[in-house]
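Asker: Starting from the given sequences, assemble the full structure and let the hints guide the process.
If you want the building blocks of each chain, they are given just below.
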Amino acid sequence: MILRIQKMIFDFPKNEVAGGGFRPWNPAARWIVFAAWGLIVLAAGCGGREPPGAADGGRLRVVATTTVVADLVRQVGGDRVTVDCLMAPGIDPHSYKPTPRDADRLAGADLVVASGLHLEGKLTDLLERLGRSRPVVLVGDSLPEADLITAGGGLFDPHVWFDARLWSHGVAPVAEALATADPAHASAHRDRAAAYAARLVSLDERLRTQIATIPEGRRVLVTAHDAFRYFGRAYGIEVVGVQGTSTESEAGLADINRLVDLVVSRGIPAVFIETSVSDRSVAALREGATARGHDVGVGGTLYSDSLGGPGSGAETLEAALEANTSAIVEALADRSAPRAEDAP
Amino acid sequence: MTSAAGILSYNTVVVAVGVAAVGFAAGVVGSLCVLRKRALAGDAAAHATLVGVACAFLATGRRDLATLLAGALVAACAGLGMLVIVRRFTRTRDDAATALVIGVSFGLGITLVSGLPAWGYANSAGLEQFLLGHTAALTARDAWLLGAVAIVAVAAVAAILKEATLVAFDAAFAAATGWPVSGIDYAIVGLVALMVVAGLPAVGAVLVTALVVIPPVAARFWTDRVGTMVVLSGLIGLAAAAVGVAVSATRPGLATGPLVVIAAAAAFAFSFLCAPHRGWIARRAEAARGLTVRRGDSDGETGR
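For the protein sequence lines, the chains are Z and X, in the order given. For the first sequence, counting from 1, position 208 maps to 208 in our numbering; every step adds exactly one. Just remember that our numbering sits 1000 ahead of the position in the second sequence, which is counted from 1.
Misleading hints may appear alongside valid ones.
[Stated by the list, open to error] Quick list of in silico lysine to any residue cross-link-like pairs, SDA-like style, CA-CA up to 25 Å: (1) Z:122 <-> X:1115; (2) X:1162 <-> X:1132; (3) Z:97 <-> X:1206; (4) Z:97 <-> X:1176; (5) Z:122 <-> X:1110; (6) Z:97 <-> X:1162; (7) X:1037 <-> X:1275; (8) X:1037 <-> X:1289; (9) X:1037 <-> X:1175; (10) Z:122 <-> X:1037; (11) Z:97 <-> X:1063; (12) X:1162 <-> X:1186; (13) Z:122 <-> X:1206; (14) Z:122 <-> Z:133; (15) Z:97 <-> X:1115; (16) Z:122 <-> Z:99; (17) Z:122 <-> X:1107; (18) Z:122 <-> X:1186; (19) Z:97 <-> Z:78; (20) Z:97 <-> X:1111; (21) Z:97 <-> X:1095; (22) X:1037 <-> X:1115; (23) Z:122 <-> X:1132.
Hints in this document: simulated from the structure, not taken from any laboratory.
Answerer: So this is what it looks like as structure tokens:
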């Protein structure tokens, strides 16, 4: 009996030849295939969020891709806009893939605002197609090209919002798009935009003064991926990422070794974790440094490609930049850096 | 900074030890699997692991390697179970059943892993690394875990080697003389699932079958003795791991996992060309001398 079953299980092709005939849709096979199919459909269906209600009192429906641009639109549009943000807090925009529901949300928008400069790598084609039928603002692409940092391959580093002054140049294009779509309140949009841009410029000054309090030799920011180059350029701190500019690339062994050398030789007291990137490379880096007798702390979690969720205290770009800067100053300025426990 | 110091740095040693242990054990386990003609079962198990990684994260909320790999092992066994069920209860052919399991489980796994961030599991970043592996980020604890799994797997192969050889070469005779053929088959496939899971952090779900299949196929060129082949296959896996890790430590931007697989493939190409008797050059030379060329003799044929 066991032998028979074994033969049926493991020697199936022979059985089939013996039995002749080929029934592709035997009930059991059908059941298995449909059950698996059903699971996939169910899993895919659970994901989406309901689009916002249509009863919006004449307000513009703006779909923003990342939390950062959603905040920008809220600051400029105020109570005249309903902002629907595609990516929830903590999501990595480099690898975000649009769902069919996202396409519906984008299609129902009066205005689409994206970060641009290929930050939303997998949305680029979709945004381009949408641009033919409705206004699409790519904030990063509207900035003066001379101020952008190149990232190889003819592309620019997309993480422009970390330079508050540079980001303030992206406020006006959004205000103009809102004014065009909502001409009755055009001046209100422009006023809010001017006030917000001014706030960003004064924030820029504050951040620079704060970073300047770190001893010069230790102004090195080591993070999981290379999101902070604009921040580093604007506020005078050297930035080193374990991964490349995009989270899609993988850190090779040589990259980790190089970082361990850097951290040990410069006596850097802390490295940083980002909300939307895996922390395994950072863990390996710390272990390598410890093995060479240099304990590296974790300088806290930085907001990088995503702002904080509700209740985090970093729901706006201004708050997130302030939070990042004080975390960096605290970890690097103090010689005995507070050493957080291993990341979860 | 990179070449000399990099090769001997702490992180390099940790990664090398972990990957070499997995490479050796995968080669050893792979020998039985290839001789028993179950190479694609490993692929089915590998593609099912992603579901397990995602489910383990969902169930525990933790991202440490041991938890995720435990989930992957459960899923790999479930994938193999599904393969057995499809073959047992439907008249699906062996190859089609394997393709079905690979497709369905991989689709489900990708759906979960890519969907988790969008469904609000923001701290799920990094699960997708199990797709292509993320060797460079191995820590000492991970390496110990992989080493322990490798030792268990090699010990298990040593324990069942004689029986497994008999089943691989003459299943009918083994059954007739009272050996639990299906039990041994399940043990082989179970060990393959274990090695596939252990190989995940190194080379990822897509490439991990290569670690189980390429070293034994390369080793087969050099010997007709099972014991020799098992050891040789393990050594080829170990060497491929060492070469892959060393190369990726010399230049920035080289991912370790794929280099290990490429190194194993180079070992295969060398064996194919240069092995005595079975190698291409040797066979051409023999043919030129007018000798009979016998290929594939005693190559794990199941008796019929």
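Asker: Each of the hints needs a verdict: does it hold here or not?
Answerer: These are the hints, each one checked on the structure:
{"no.": "1", "hint": "Z:122 <-> X:1115", "result": "holds, 14 Å"}
{"no.": "2", "hint": "X:1162 <-> X:1132", "result": "violated, 35 Å"}
{"no.": "3", "hint": "Z:97 <-> X:1206", "result": "holds, 20 Å"}
{"no.": "4", "hint": "Z:97 <-> X:1176", "result": "violated, 55 Å"}
{"no.": "5", "hint": "Z:122 <-> X:1110", "result": "holds, 16 Å"}
{"no.": "6", "hint": "Z:97 <-> X:1162", "result": "violated, 50 Å"}
{"no.": "7", "hint": "X:1037 <-> X:1275", "result": "holds, 22 Å"}
{"no.": "8", "hint": "X:1037 <-> X:1289", "result": "violated, 33 Å"}
{"no.": "9", "hint": "X:1037 <-> X:1175", "result": "holds, 17 Å"}
{"no.": "10", "hint": "Z:122 <-> X:1037", "result": "violated, 40 Å"}
{"no.": "11", "hint": "Z:97 <-> X:1063", "result": "holds, 22 Å"}
{"no.": "12", "hint": "X:1162 <-> X:1186", "result": "holds, 15 Å"}
{"no.": "13", "hint": "Z:122 <-> X:1206", "result": "holds, 21 Å"}
{"no.": "14", "hint": "Z:122 <-> Z:133", "result": "holds, 20 Å"}
{"no.": "15", "hint": "Z:97 <-> X:1115", "result": "holds, 9 Å"}
{"no.": "16", "hint": "Z:122 <-> Z:99", "result": "holds, 11 Å"}
{"no.": "17", "hint": "Z:122 <-> X:1107", "result": "holds, 19 Å"}
{"no.": "18", "hint": "Z:122 <-> X:1186", "result": "violated, 42 Å"}
{"no.": "19", "hint": "Z:97 <-> Z:78", "result": "violated, 29 Å"}
{"no.": "20", "hint": "Z:97 <-> X:1111", "result": "holds, 11 Å"}
{"no.": "21", "hint": "Z:97 <-> X:1095", "result": "violated, 32 Å"}
{"no.": "22", "hint": "X:1037 <-> X:1115", "result": "violated, 35 Å"}
{"no.": "23", "hint": "Z:122 <-> X:1132", "result": "holds, 19 Å"}
The structure does not agree with the numbered hints 2, 4, 6, 8, 10, 18, 19, 21, 22 stated previously, though it agrees with the rest.
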